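If you're matching them up, the sequences are chains A and B in order. Residue numbers are given in this note's numbering: position 264 of the first sequence equals residue 272, and the series is strictly consecutive. Residue numbers are given in this note's numbering: position 253 of the second sequence equals residue 324, and the series is strictly consecutive.
Accuracy of the hints is not assured; some may be wrong.
[Said to hold, decoys possible] Selected chain A positions facing chain B (in silico; Cβ < 7 Å): (1) 66; (2) 91; (3) 92; (4) 96; (5) 98; (6) 100; (7) 102; (8) 115; (9) 208.
[What the hints assert, rightly or not] FRET-style restraints, in silico, Cβ to Cβ: (10) 335/B to 182/A: 28 to 36 Å; (11) 105/A to 323/B: 27 to 35 Å; (12) 105/A to 201/B: 17 to 25 Å.
Calculated from the structure, these hints are not laboratory results. Given the structure is predicted, the values throughout are model-derived calculations rather than measurements. Just so it is clear, CB atoms sit at the ideal spot from N, CA and C, and this is done for glycine as well.
Each chain, letter by letter, is given below.
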Amino acid sequence: MIYQHPISRPVIEVEHLVKSYPGVKAVDGISFHVAEGEIFGLLGPNGAGKSTTLSIVEGVRRPDSGTVRVLGLDLPARAPAVKRRIGVQLQSTSLLPDLTAVEQIELFARLYGRTINRATALALLARVSLDEKASALPATLSGGQQQRLALALALVNDPEIIFLDEPTAGLDPQARHSLWDLVRGLCAEGRTVVLTTHYMEEAEALCHRIGIVDGGKLLALDTPGALITTLQGRSSITTAAALPAETLAALPGVHDVQTEGGNVRLQTDDVPATIGALLEVARRQGVSLRDLHVQQPSLEDVFLQLTGRSIRA
Amino acid sequence: MNTAIAQRPGTQAAPSRVATLAPTGQFTLAVLRAGVRNRVALATALFTPLFMLAIFWLTTQGGKPGGFNMLSFIFPGIVSFTVMMAGSTQVTRLGSWRQQGVFGRLACTPVPLGQLVLAAALAQVLLSLVQALIVVVFGILVVGIPVQPLGIPLAAGVLTLGATCFIAYGSLVASLAKRIETASLLFIFTLLPLSMLGNTFLPVDQLPPIVGAISPWLPTTMMADLIRALLTTGTLPAAPLVPLAGLLLYTILFSALSMRLFRWE
Chain A
9 MIYQHPISRP VIEVEHLVKS YPGVKAVDGI SFHVAEGEIF GLLGPNGAGK
59 STTLSIVEGV RRPDSGTVRV LGLDLPARAP AVKRRIGVQL QSTSLLPDLT
109 AVEQIELFAR LYGRTINRAT ALALLARVSL DEKASALPAT LSGGQQQRLA
159 LALALVNDPE IIFLDEPTAG LDPQARHSLW DLVRGLCAEG RTVVLTTHYM
209 EEAEALCHRI GIVDGGKLLA LDTPGALITT LQGRSSITTA AALPAETLAA
259 LPGVHDVQTE GGNVRLQTDD VPATIGALLE VARRQGVSLR DLHVQQPSLE
309 DVFLQLTGRS IRA
Chain B
72 MNTAIAQRPG TQAAPSRVAT LAPTGQFTLA VLRAGVRNRV ALATALFTPL
122 FMLAIFWLTT QGGKPGGFNM LSFIFPGIVS FTVMMAGSTQ VTRLGSWRQQ
172 GVFGRLACTP VPLGQLVLAA ALAQVLLSLV QALIVVVFGI LVVGIPVQPL
222 GIPLAAGVLT LGATCFIAYG SLVASLAKRI ETASLLFIFT LLPLSMLGNT
272 FLPVDQLPPI VGAISPWLPT TMMADLIRAL LTTGTLPAAP LVPLAGLLLY
322 TILFSALSMR LFRWE
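Throw the hints in and build the complete structure from the sequences for me.
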């Protein structure tokens, strides 16, 4: 794996970023660094401030305060130079309506000051599995195909950093996994990828590090594993068993018991000890344990702990 | 930069001069190509003036010899109206690009967004000039309207200025209304009275005196009077600087206001 954080040099340095719109502080003091070759994710619900943060780092919007350096260049002063070296896929596919897929590739390459021949444009479309749609207008493409074309447009200038804003929003699972493979391929080439998402599984599956954003603030920043490790005391064991709640609450490691119908849910900070004791109690009392499940904490739980609500709320 | 992200075969960095100048030209060509491909919009923009001309031709036949020739009066008005409608296309383009996020994507490129908007406007000017030329040729060859050939080159210049003026007006309307439908209606709602009061379809001297006081200051009057003189006499009207400077001032005013008010998202 190319990602070597924290040894790799930072290609994005954001310090105390603030951006307000009338009546709302969209970004409220966010700071983070992104290392070269890293897949970095900003995770948060709609309206959290992810896209605004990204658009400032892309040199499209100006911050009210704070500093941003991308590839060693200060923004917004060096925005044109930065834009030449980055690729951007927006949340909306943002395609010109009356140009074919291959024409869009050729046009955008020229907007980045590059000449691109037809064969190369087709090869780029083939990379996103759209070579058979080279002559198609955007309106005739499916949502997933439009997203892939938008990704191809983000690659026309061989960018060192690629920004993907909600790249899989609205896609079916197959198209989503296909796009994940593309992102991993880009990272394997040594490119840095920064993406926003409100899908927990996407952040967990793709990103080397995740920044959790809500209300314009960066609430946590670490690898998915490290974020989840902070919630080790939140593993849960569920089973269908007729055991008294006070008996379950006395099991080692258990700090919370919830019962609903015939099911019990034990919150524990020591899964092996709790399971062992639970099996012993059930054997002694002649009670069978049905549908026994152990659930590790997830990013969803991390988000819940940080914000007090679900990301889908 | 990591060697693993070296340029792919077939792409190369262009010289900096090309990077700053050529992209806008490429964008103009792309918008022209897209404009020609959008056949419904193209046909509507072309057939509307042709249809108007045909209607006036059919309904004004049999007039008294030596009397007021309505068709000769209205023909330059229809040619002017053809390029005025370029503003309507501008309204639709700006509105749809804003709704579809095209401006947001273009803003991510190194080319300043204002340059790309100007490049798109240039494409629209070229398209509307071709449409006006088709209307002129149709008028001469099919309807038999006498046109002074010597006036056509200057008329093309005035039409270019007029198209730019009404594209700027379309940009202003698109800046004021957030929805495409509202902006399109607002443009038509204002252009029709401007045309009716602006010596385009109706002789202003046959309208109430108050209209005669307002009419010379309207951009529609300025363009229609210039085009009428050029197509019928082959020369500019008396005191041509007033309408020419007026059109230029309106263009600057509309452009400045739209640049100040337009929001691309």
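Evaluation of the provided hints:
Interface restraint check: residue 66/A against chain B, minimum CB-CB distance 6 Å, threshold 7 Å, status holds. Because the closest C-beta pair between residue 91/A and chain B is about 4 Å apart, less than 7 Å, the hint holds. With a cut of 7 Å, the hint placing residue 92/A at the interface with chain B holds, because the nearest CB-to-CB distance is about 5 Å. Interface restraint check for residue 96/A: the shortest CB-CB distance to chain B comes to about 4 Å, inside 7 Å, so the restraint holds.
Hint status for residue 98/A: holds, given a least beta-carbon distance of 6 Å to chain B, under 7 Å. This hint holds: residue 100/A has a C-beta 4 Å from the nearest C-beta of chain B, less than the 7 Å allowed. Taking 7 Å as the C-beta cut-off, the interface hint given for residue 102/A holds, the closest approach to chain B being about 4 Å. For residue 115/A, the suggested interface contact is upheld, since its CB lies about 5 Å from the closest CB of chain B, less than 7 Å.
Against a cut-off of 7 Å between C-beta atoms, the interface hint on residue 208/A is violated, since the closest Cβ of chain B lies about 26 Å away. The supplied range of 28 to 36 Å is met by residue 335/B and residue 182/A, whose beta-carbon atoms lie about 34 Å from each other. Separated by about 30 Å at the C-beta atoms, residue 105/A and residue 323/B satisfy the suggested range of 27 to 35 Å. Distance hint for residue 105/A and residue 201/B: a CB-CB separation of about 21 Å, consistent with the stated range 17 to 25 Å.
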